[in-house]
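Visitor: Residue numbers (my numbering), protein chains in the order written: chain C, 741 to 931; chain F, 40 to 397.
These are calculated hints, taken from the structure and not from any lab test. Ideal placement from N, C-alpha and C gives every residue a C-beta, glycine not left out.
What the simulated footprint calls covered on chain F by chain C, stretch by stretch (three residues with Cβ under 8 Å from a Cβ of chain C suffice, anywhere in the stretch; the number is not a length):
| id | segment |
| --- | --- |
| 1 | 65-79 |
| 2 | 159-173 |
| 3 | 181-188 |
| 4 | 193-205 |
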Amino acid sequence: MLRVLLVTDTDKPIGDMREALARLGYEMLPELGAPQMLHGRVESDRPDVVIIDTESPSRDTLEQLAVMNETAPRPVLMFSADPNQQLIRAAVDAGVTAYLVEGLDVGRFTPILEVALARFAHEEKLRQRLVKAEAELADRKLIDRAKRLLMDRRKMSEQDAYATLRKRAMDQGVKLVEVARQLISVADLLG
Amino acid sequence: MRLGFVALSDVAPLVAAKLLEFGHRHGLTLELSRQPSWAAVRDKLLAGEIDAAHSLYGLVYGVQLGLGGPQADMAVLMVLNRNGQAITLSNRLAAAVQEAGSLKAALAEWPGMPVFGQTFPTGTHAMWLYYWLAAQGVHPLRDIESVVIPPPQTVDALVQGRLDGFCAGEPWNAVAEARGAGVTAVVSSEIWPDHPEKVLACRRDFVERNPQAARALVKTMLEACRWVDTPEHRVEIAPWLARPEVLDVPVAWVEPRLSGRYEGAQFLRQPRAVSFFDGGAVNYPRLSDGCWFLAQYRRWGLLRTGDAASDVTLAAQINQTALYREAAASCEVSVPDEIRIDVLCDGQRWGGSAAVPG
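Could you build all of it, start to finish, from the sequences and the hints given here?
Guide: Structure representation (structure tokens):
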């Protein structure tokens with residue numbers, strides 16, 4: 741079940757939004773006692789979605805969480821009575837997760853929630869892919885360095901150096917990059 | 040032209056520009072739009088709802104890098120002020136510091152993790168706070184918890200014991216003292232004398248598409264900064280800042296520090312007043328200033344790429360120095376030297392390592 745934190749620190753009416761969302765099957769986390777509690781509550785309750793008004797002064801608190809903590813809930817969904825849909829759309833295109841919910845019609849709200857979440861999941865996947873690609877690149881660099889060490893010091897051909905590394909990995913039952921790392925650290929030690 | 044701002048005393052040049060319609064001479068009519076958060080300033084700049092904004096220096100660089108939020112090419116048109124920020128400690132922590140002899144010693148004995156507030160993750164206040172803590176041997180990411188609290192809420196948070204200290208712009212440090220919630224421990228000019236603070240920011244494509252308007256805006260704001268910088272005009276503008284649609288606090292909490300009077304408190308170094316013009320020394324968007332923020336982001340792990348050389352290139356793309364020089368020349372405002380060497384509170388010299396030859 742999706743865990744939703746609703747931040748209501750502006751004077752816009754939210755009506756029966758809390759009850760309506762609960763009826764739709766979302767788990768509504770308890771309201772904040774004070775705006776200053778937002779940081780702690782997001783850290784402790786780990787909501788999937790934080791719904792916050794575009795005009796809320798507490799929005800910067802969520803910015804901090806997004807910068808400092810990669811697992812912080814990023815799909816910050818905002819509702820606004822601002823009639824200028826075009827501006828909202830421009831903000832969405834710019835990467836700001838902002839939506840207009842006219843009159844806060846909860847029926848229209850659900851698809852927006854789902855879209856925001858799907859988008860966040862997509863971005864998260866891209867981010868993880870990037871992290872993985874970076875790690876793979878770093879591994880390759882290590883293996884290359886180890887290979888070059890063997891080629892320089894043992895006068896091996898590139899193929900032999902690679903075969904040596906691979907055989908050692910097989911024998912020890914560890915990843916190739918581990919063997920490379922061991923070799924490099926020993927070489928560093930011996931200078 | 041629509042300008043966004045956040046409720047802080049250093050918005051004075053914008054308020055003066057509107058009040059006295061400095062823009063009319065340059066064919067501009069300004070409209071000011073108060074924003075509830077820095078994120079709102081950013082979103083509305085990106086969406087085109089506001090054309091330019093009174094912005095934290097670091098906000099512009101954070102958006103350029105896409106740190107924790109949307110990425111966009113940004114521009115700094117000019118610096119709007121120096122100094123005028125401070126760090127407040129709760130009465131309890133201030134007493135503990137006095138007793139223990141140092142902040143580091145006081146925090147070492149502090150029950151639980153001390154919590155400090157600042158205003159935006161990549162903003163100036165986060166960086167002043169981190170720099171000041173680190174200069175005293177306190178690691179800002181390990182030894183304390185740093186949270187973002189909207190400045191008008193910091194005083195309540197201090198009263199309720201949710202914060203042990205915060206770094207923010209005035210009048211909020213003055214308000215904390217006036218309400219007896221805490222004491223100003225250090226003013227930002229003690230951390231970095233005459234540090235750059237707020238800038239006039241916009242999207243880069245706005246400058247590219249409307250160079251005339253951007254130049255007119257810089258001229259307008261240069262004249263406003265010059266006007267508001269005199270002692271008499273600071274006193275004159277204070278009641279306008281105090282009004283409900285700007286700061287919504289008593290003028291007695293705004294005017295003294297805006298005029299550079301830090302009454303009652305003892306500081307290691309004489310606080311330097313917030314400065315809006317100083318013969319034009321304030322306003323030039325020096326590249327090394329931008330590089331300082333990039334270097335700090337790298338120091339605290341917010342930025343993992345680039346180096347001193349690429350920082351200068353990036354700063355040169357963001358800071359519109361050529362446009363500024365043209366505007367300054369037509370207003371007969373002198374432009375200071377590109378290179379400025381400062382000594383910060385930890386004894387480090389800063390001139391923008393790669394920006395300084397030799």
